[in-house]
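*Asks:* Next come the chains, spelled out residue by residue.
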Amino acid sequence: MVSGPVVRARPANGFSMNEMVEVGPEKLVGEVIGLDSELATIQVFEDTTGLRPGTPVRGQGLPLFVELGPGLVGEIFDGIQRPLKELRQQWGDFIHRGNIGTALDRERLWPFTPLVETGSQVTPGQKLGRIPESRGVDHFLLVPPGIRGTLRRIAASGEYTIEEVVAEVETEDGGLLPLQLYHRWPVRKLRPAGRRLLPAEPLITGQRVIDTFFPLAKGGTAAIPGGFGTGKTITQHQLSKWADADIIVYIGCGERGNEMTGVLVDFPRLLDPKSGHPLIERTILIANTSDMPVAAREASIYTGITIAEYYRDMGYDVALMADSTSRWAEALREISGRLEEMPAEEGFPAYLASRLAAFYERGGQVTTLGGERGSVTLIGAVSPPGGDFSEPVTMHTKRFVQCFWALDKELASARYFPAINYLQSYSAYGQRVAGWWGERVGGEWNSLRMEAMEVLQEDARLQNIVKLLGEEALPDDQRRIIESARLIKEDFLQQSAFDPVDTYAGPDKQYLLLGVIMHFIRRLRDIVEARIPLYQAMDLEVVAELHRAKFTWKGDDPQPFSELRTRIDQAMDAILRRQAEPDHTAIIGEEKL
Amino acid sequence: MSKTVDRHQDLRLAGPELEYRGIDSISGPLVVIRGVRDVGFAERVEVTGPDGAVRQGRVLSVSEEAAIIEVFQGTSGLSQPGSRVRFTGRPFEFMVSAAEVLGRIFGGLGQPLDGGPAPFRGEPRNINGYPINPVARAYPRDFIQTGISAIDGMNTLVRGQKLPIFSGSGLPHNRLAAQIVRQARLPGEQEGFAIVFGAMGVRHDEAEEFRRSFEESGVLKNVVMFLNLADDSTVERLITPRIALTVAEYLAFEEGMHVLVILTDMTNYCEALREVATSKGEVPSRKGYPGYLYSDLASIYERAGRLTGRPGSVTQIPILTMPDDDITHPIPDLTGYITEGQIVLERTLAQKDVYPPINVLPSLSRLMSDGIGEKRTREDHRNLSSQLYAAYARARQVQRLAAIVGAEELSPTDKRYLTFARAFEQRFLAQEEDEDRTIADTLDLGWELVMLLPPQELTRVREEEVEKYGRSHGKTADTGNKEQPAAP
Ligand SMILES: Nc1ncnc2c1ncn2[C@@H]1O[C@H](COP(=O)(O)OP(=O)(O)OP(=O)(O)O)[C@@H](O)[C@H]1O
Ligand SMILES: [Mg+2]
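Residue numbers (the working numbering), protein chains in the order written: chain A, 653 to 1245; chain B, 11 to 498.
These aren't lab readings, by the way, just hints derived from the structure by calculation.
A few of these clues could be false.
Computed list of lysine-lysine pairs in BS3-like fashion (alpha-carbon distance at most 30 Å, straight line) [unchecked claim]:
(1) B:Lys-385 x A:Lys-1206
(2) A:Lys-1119 x B:Lys-425
(3) A:Lys-1141 x B:Lys-231
Note that the structure is predicted; figures quoted are calculated from it, not measured.
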């Protein structure tokens, strides 16, 4: 039976669950997702037009897998790891269907340097050889999980294809295990690691609202929910560009083709602030655009996370973006519907929550089998229907993530970006990464952000009154809060992804900028306490300088910030001094009216 | 995609041609026929009733026992014993060559309505198209001037973008679309657009109005129309946009033309999809629409863009009417999640007699930031647009507040915002149906408006920009905090 992406077939000689299959003469790739006494249910990852009953289905004898080895970095694959550049060579500008061979290039020669001598005892996860994969990334040949024994042979330094055997390990049971530069791994099986660690080091993203207010940790999990056009993709692109991870895995899961193209165009030109090399040289792209087959959308998430775990096992910090996990959940729903399973909430299958949990569980900071530290940070976009966060995917995701960056339609429509609503968002890592900030950046980090947050919360309360009565109705000490919050919002939280300077703010810049803004805010209190009209301070030239600061200074030099601080003090002191000369104040006051 | 490869692919989809007599059951737009052999999923079928009329259809699912077929022209007139079903062994295809389609009018299934012959040259093309390899796409960047300030200034359209109009019943979306078609061009380029027009369930007079507007502006010879009208079969609507886009892709990527595709009304399309899903007894998701509405719409909207190394482009302007003006309804909601922004029309603006009644706040062009700026439009474009957004968002809050406390109670600054709001709606948004503003006109007007605000409110523009563009237009810049009379 053929109905959309789901095919039912009578297996000739028995399939196993999750086995990869080839359907029909074109060898369409599929996976067994259900078995009963008579029929195997198969999801086909490609267009099924023209498939007819009686078409042969061949089992491949192994579960849906990815190829892991050098040649992943800088590449773009589809949801089942077909290399899209290679596909274009063969098929032209449009994607057709059928099996076209392998994910990794079989011909390419890779420089290999052995790291262990013949005869050594080797253990799971140990690094056997180094393969420079890009300028920024060294790839390592690892002893596979569960394997220990004696290294019987290792290739000399030289160039090898991924299929050549470069090492042989005599295992404890006496077998000889040949190792190539690549291997296959089933996507639905998590790669084992050692101990799980508690993430305590921030993943610096260069985005102020995130790093300072709702920080993410290396090995942490985060969700970005938001209606259409609120900034999920731009945020994820920003994180892919600027996050201080070693490897970025970006999964375009059921989203726009042009967004993937945008990454392909931008990333070779932009430089990683950490390594100085083009960003593309640490990035792996997985694209199942919204017009590609829906079953491959479901697979794309697993393809991506398996690759992420693989680099983690080499001791890297990997950050994975999934845009959007809602499309993945909807793919689950569609397949489930075709299987006529009993739907739970909103037509989603009952196992939605456990699938989401299992996905986020694959993130984390660990000691690798080889004894190093590695991490996979997971950042999932969520696209709730109608922008309503009470729907199943958002609700369940919220249970499994530690950071929640809620995007706000109102803010987005006023072009207030990032449109992260600071009242609804949270991060469980704030206190845990405070140590890092305190040591590396500045001792006041935690108190500054708390103080700023208090202003914002008080402002939110006052805004309810303002909505009804207008700002005029408030006394000056309350308007001070409103003005202070405005400064924090406009001069710190708002950050343009498109401004060449503002797009990235390193930890030092964030700290210095918030420091000088909070300094001004504290001095504002003096003004109001001295009963000086607020506008006298707000009209000062230093306020304009505060507005400009984020666009001007990169934060590598603290001097302009401390100079501005001095100018703020001078200007404020001048106002306070003039207060002592009542005549003068009266004139300024009149002018205002 | 070279032609040979495409052809090869289509052949692979092919199966034998088969004909069966009799139908086993009929339900709504679906017929079931049992005991079929060698029928392929999604292949095209022809169902002939006892009346001799041939109806087009498509295989929705097939097993060894039976095939379920959706019939595009409806099942009325079919009977179980007296009908014949021919399986063509091929997917739904449309024959296309530029010479045979430009200037023509076809029905919703591609049948000629203008008395001309059916196209017979060129290649038969699978109307579902194929996904564009993201590696092959060229990122769209070329600014299209529509001459409409709310679009050019604040929601800029670029060549290869998909930018829908979210409207409501009775709002002037058709007039707006027609104006865009008349005025759209690249500044400095002579060559205009070829227009592919796909109508799904629109009234006769609406379709006729479009045709007349194309005729009057002299573009008719560059227009292809596919008309599924309000009294045509609903299921046929599932095919119409796909044929339209097949033609658009051909004109753009084989013939090198810049193509503007207007699809209206996508709401009717979605309702047809729901009807078929319901007949099949599928588990519905929100508001009865099938769970795959997103993927289905994406298979239409993603067929836009540019390809590297090929001269043409497909720009899509789908139109949809939001049921109850509700932007969270699944149709606009899922559309917004797929398209590269949206132009939102608002009833309250229309009631204030503002044409075009575009509410810029929920509107968005995601490709704007790459299509504007120095060398493309003007260096101040981005910041000015951002300032206009911030100001109008605040102005709307002030309008709400004024409705509660009364305008007299507002602070001087808030009063200036009220003035700004009025000027923005009446002068920036509102324009004549034949008024074609250059981008420079639009930006200058924008400056004139933001200069109505007190200088310290201009936090999104740079001092140098205010100096260079603002001062020359704003009459109020150097008067500090003093109250200004309302703009004319
Ligand atoms: N940090 C930012 N700086 C400047 N502009 C931004 C920023 N974030 C978002 N935007 C603006 O908002 C628009 C929409 O953002 P984005 O495409 O990320 O939305 P989205 O949430 O991914 O929407 P969808 O769910 O439809 O994919 C962008 O095109 C851009 O104009
Ligand atoms: Mg997005």
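*Asks:* Now tell me, hint by hint, if it's right for this structure.
*Replies:* Hint check results:
no.	hint	in the structure
1	B:Lys-385 x A:Lys-1206	holds (27 Å)
2	A:Lys-1119 x B:Lys-425	holds (15 Å)
3	A:Lys-1141 x B:Lys-231	violated (54 Å)
Hint check: a violation occurs at hint 3 only; the rest are consistent with the structure.
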